[in-house]
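Quick note, the sequences are listed as chains C and P, same order. Our numbering applies: residue 1 is where the first sequence begins, and numbers increase by one. Our numbering applies: residue 1 is where the second sequence begins, and numbers increase by one.
Accuracy of the hints is not assured; some may be wrong.
[As the list claims (entries may be wrong)] In silico DSBU-like cross-links for lysine-lysine, where the CA-CA straight-line distance does not exceed 35 Å:
1. 224/C / 224/P
2. 2/C / 302/P
3. 2/C / 43/C
4. 86/P / 53/C
5. 31/P / 2/C
6. 306/P / 339/C
7. 224/C / 172/P
8. 339/C / 2/P
9. 79/C / 130/C
10. 25/C / 86/P
11. 172/C / 25/P
12. 306/C / 306/P
13. 2/C / 377/P
14. 31/P / 2/P
15. 89/P / 130/C
16. 130/P / 89/C
17. 31/C / 130/P
18. 224/P / 306/C
19. 53/P / 130/C
20. 53/C / 130/P
21. 89/P / 53/P
22. 31/C / 224/P
23. 224/P / 323/C
24. 306/C / 323/C
25. 323/C / 224/C
26. 86/C / 172/C
27. 172/P / 79/P
28. 53/P / 224/C
These are computed hints drawn from the structure, not numbers from a lab.
Each chain, letter by letter, is given below.
There are 2 protein chains.
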Amino acid sequence: MKAFEFHNPTHIVFGNGCIDEIGEKSGLSGKRILLVYGQNSIKRNGVYDRIIKSLTAAGITEIVEYPGVRPNPVLSHLKAGIELAKTEKVEAIVAVGGGSVIDEAKGIAAGALYDGDIWGLYNGSFAPEKALPLVAVLTIPATGSEMNGGAVITNDETREKFGAFAAVLYPKVSFMDPEITHSLPADYTAYGAVDAISHLIEGYFTGEDAWSPIQDRYVEGLVKTIMEATDRILANLEDNDARATLMWAATLAWNGLAPSGVGAMAFPNHMIEHPLSGRYNVAHGAGLSIVIPAWMRFAVEKNPAKFAQFAANVFGIEASNEKEQALNGVDALKAWFQKIGSPVSLAESNIPAEDIPQIADDALHLGKAWGMTDYSKEDVVRILTSCASVK
Amino acid sequence: MKAFEFHNPTHIVFGNGCIDEIGEKSGLSGKRILLVYGQNSIKRNGVYDRIIKSLTAAGITEIVEYPGVRPNPVLSHLKAGIELAKTEKVEAIVAVGGGSVIDEAKGIAAGALYDGDIWGLYNGSFAPEKALPLVAVLTIPATGSEMNGGAVITNDETREKFGAFAAVLYPKVSFMDPEITHSLPADYTAYGAVDAISHLIEGYFTGEDAWSPIQDRYVEGLVKTIMEATDRILANLEDNDARATLMWAATLAWNGLAPSGVGAMAFPNHMIEHPLSGRYNVAHGAGLSIVIPAWMRFAVEKNPAKFAQFAANVFGIEASNEKEQALNGVDALKAWFQKIGSPVSLAESNIPAEDIPQIADDALHLGKAWGMTDYSKEDVVRILTSCASVK
Chain C
1 MKAFEFHNPT
11 HIVFGNGCID
21 EIGEKSGLSG
31 KRILLVYGQN
41 SIKRNGVYDR
51 IIKSLTAAGI
61 TEIVEYPGVR
71 PNPVLSHLKA
81 GIELAKTEKV
91 EAIVAVGGGS
101 VIDEAKGIAA
111 GALYDGDIWG
121 LYNGSFAPEK
131 ALPLVAVLTI
141 PATGSEMNGG
151 AVITNDETRE
161 KFGAFAAVLY
171 PKVSFMDPEI
181 THSLPADYTA
191 YGAVDAISHL
201 IEGYFTGEDA
211 WSPIQDRYVE
221 GLVKTIMEAT
231 DRILANLEDN
241 DARATLMWAA
251 TLAWNGLAPS
261 GVGAMAFPNH
271 MIEHPLSGRY
281 NVAHGAGLSI
291 VIPAWMRFAV
301 EKNPAKFAQF
311 AANVFGIEAS
321 NEKEQALNGV
331 DALKAWFQKI
341 GSPVSLAESN
351 IPAEDIPQIA
361 DDALHLGKAW
371 GMTDYSKEDV
381 VRILTSCASV
391 K
Chain P
1 MKAFEFHNPT
11 HIVFGNGCID
21 EIGEKSGLSG
31 KRILLVYGQN
41 SIKRNGVYDR
51 IIKSLTAAGI
61 TEIVEYPGVR
71 PNPVLSHLKA
81 GIELAKTEKV
91 EAIVAVGGGS
101 VIDEAKGIAA
111 GALYDGDIWG
121 LYNGSFAPEK
131 ALPLVAVLTI
141 PATGSEMNGG
151 AVITNDETRE
161 KFGAFAAVLY
171 PKVSFMDPEI
181 THSLPADYTA
191 YGAVDAISHL
201 IEGYFTGEDA
211 WSPIQDRYVE
221 GLVKTIMEAT
231 DRILANLEDN
241 DARATLMWAA
251 TLAWNGLAPS
261 GVGAMAFPNH
271 MIEHPLSGRY
281 NVAHGAGLSI
291 VIPAWMRFAV
301 EKNPAKFAQF
311 AANVFGIEAS
321 NEKEQALNGV
331 DALKAWFQKI
341 GSPVSLAESN
351 IPAEDIPQIA
361 DDALHLGKAW
371 GMTDYSKEDV
381 VRILTSCASV
391 K
């Protein structure tokens, strides 16, 4: 095992009905808050009313609203949120939504106490040492943002989709209520599952430690669990046990534990995917299900043993030949993505094959900061070409 | 999955040589500290000198020493430590040792800011809301105390071994340096492995949730990993990869993740074991390897399916009959305890069979507070009688 540091101070409150405790358990009593959310779904399903009621009952009555966060949140909306937070002198942020909302809220939390250009948080020129306290209510299991210090934003001028990470960005408290995810439709449930799996496999396949049974079993176990829970949910959207399991598994997939001890790792799937969701506004999980099988097939050449292990331990695939076993595992994962309705080709998401060279340039530009330095443009073009259309 | 809250704020610094960073990374600069440790092993293996050097280099020069913590730490020594902390007006605690040292240091941390009788922390009459900051350096992987809010103490007058838990007792930072565990002898390595396994299986077998694949796979994976790492270490005490793996696995075994979501659980193995280590001063892990197979054999009757699952997923045991599969799993674990040199009978630890009724009374007294309310004295006597001597 390699050296690491782990420090995840987020307080998780998990269970059906827990959103009704947000007033009491958020630690925000007496504070003036900015309530950040997305579109109108939380008003339709009653979550908005319940949160306002709980906050109000706890004496949190100064609530400035900031709705309108988009999937793949954009820099212009983030900047306007920072201005509002400053003008209204809010003292804390409550984010209600999926990873997009929580990510943008993190940018607002840091930006509210910073006078420079918040884009610096994403291009690496600004490392925040303070931020407003952030409380999250998760509505879409997917990104893990509810229990990590990461945040992603898309620059709507340049279409760059960049990520940030800082210790001050961890939510103080995150409320995870599986029951409110019953209304999440099948497609976004599936995209969330793909996203969670993507977080688990990046370090699993790219970490430098040869013998890492703690991390390997953690990843293999969670991937299997995410697949089982998703299958159950797609058969019955109101299967609460499965909703709860997917929700907590997606958090555990990207809260820092999986990569702790695997050494230096890279994020090739995320680097290749970000230009897809950044430029074409496909759901991040949908972009990932396109990229992952293509990347895996490429990467099997370098490390067939680890991919064979994945095939064996996740799918129970046996084969006399290690490479064959590895590739059968890739096919099994791809088939599962198709089964749950997540795309596996650029064509399905209307991304033109002629854009591949430009997407590759974007991925390599982004990858410079995220450990994808050993890929040539030809490598990335080859990966993207192999998933241009369904084969 | 059942409702839960999870909040583990301990900052982990892990890796060979990390103890040399304690001055810089402990956050104790300028503070007057109490240095708590056990016997002389940290002086023999150089750990003491390296810690003093690192602390001093970081300007932490006011160091009050408090050595002499015993395995199965006792209340009288804890109370003297609290007096010393108060008299010397220390502002923080640095604990260097295994679970005994870290546990006693937690009691001192809470007691230094409390004017009542510290026994109240253990009998449930005192719930601390503040404590001195605690930094830990772990030397024995076993109890998980380096990343949890628990602490156990033995009342040397009554021989009661009681446990406490409080949010303020989590270490602020814990340094985990696998290299310094190379000198840990085979027997205490084995007892530590048993202890870690015991923490994993209590919630696994007694939790109330029927479908808990996240937690089940987490537990099964860590048990297998602990066994593999221990086998490697006992073949070569300086196998650093295996030392590191055992160290982190033992932390993950009892940092709150395993039981999160399994619902109400009980601690029958710990309740029955505590009188053994409390009264007869056997190592806690040694006491556990005596109790666990006997308890499992008893508990198979109530829930054969879960024990059969354990047998299948940890040991790869198949059988046509669920109960047979379950019992074969118990036998396999017991055989492994014997293989690593941990006792499986009271006789091996010179605990007289005629004391069994008294031990059972003690266990039930302790168990009232820890969820073992559905056991009769006859049950506990039956369990203890079945492990009186090796069969």
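Notebook entry, point to check: Failing hints, ascending?
Noted result: Those not satisfied are hints 2, 3, 4, 13, 14, 22, 28.
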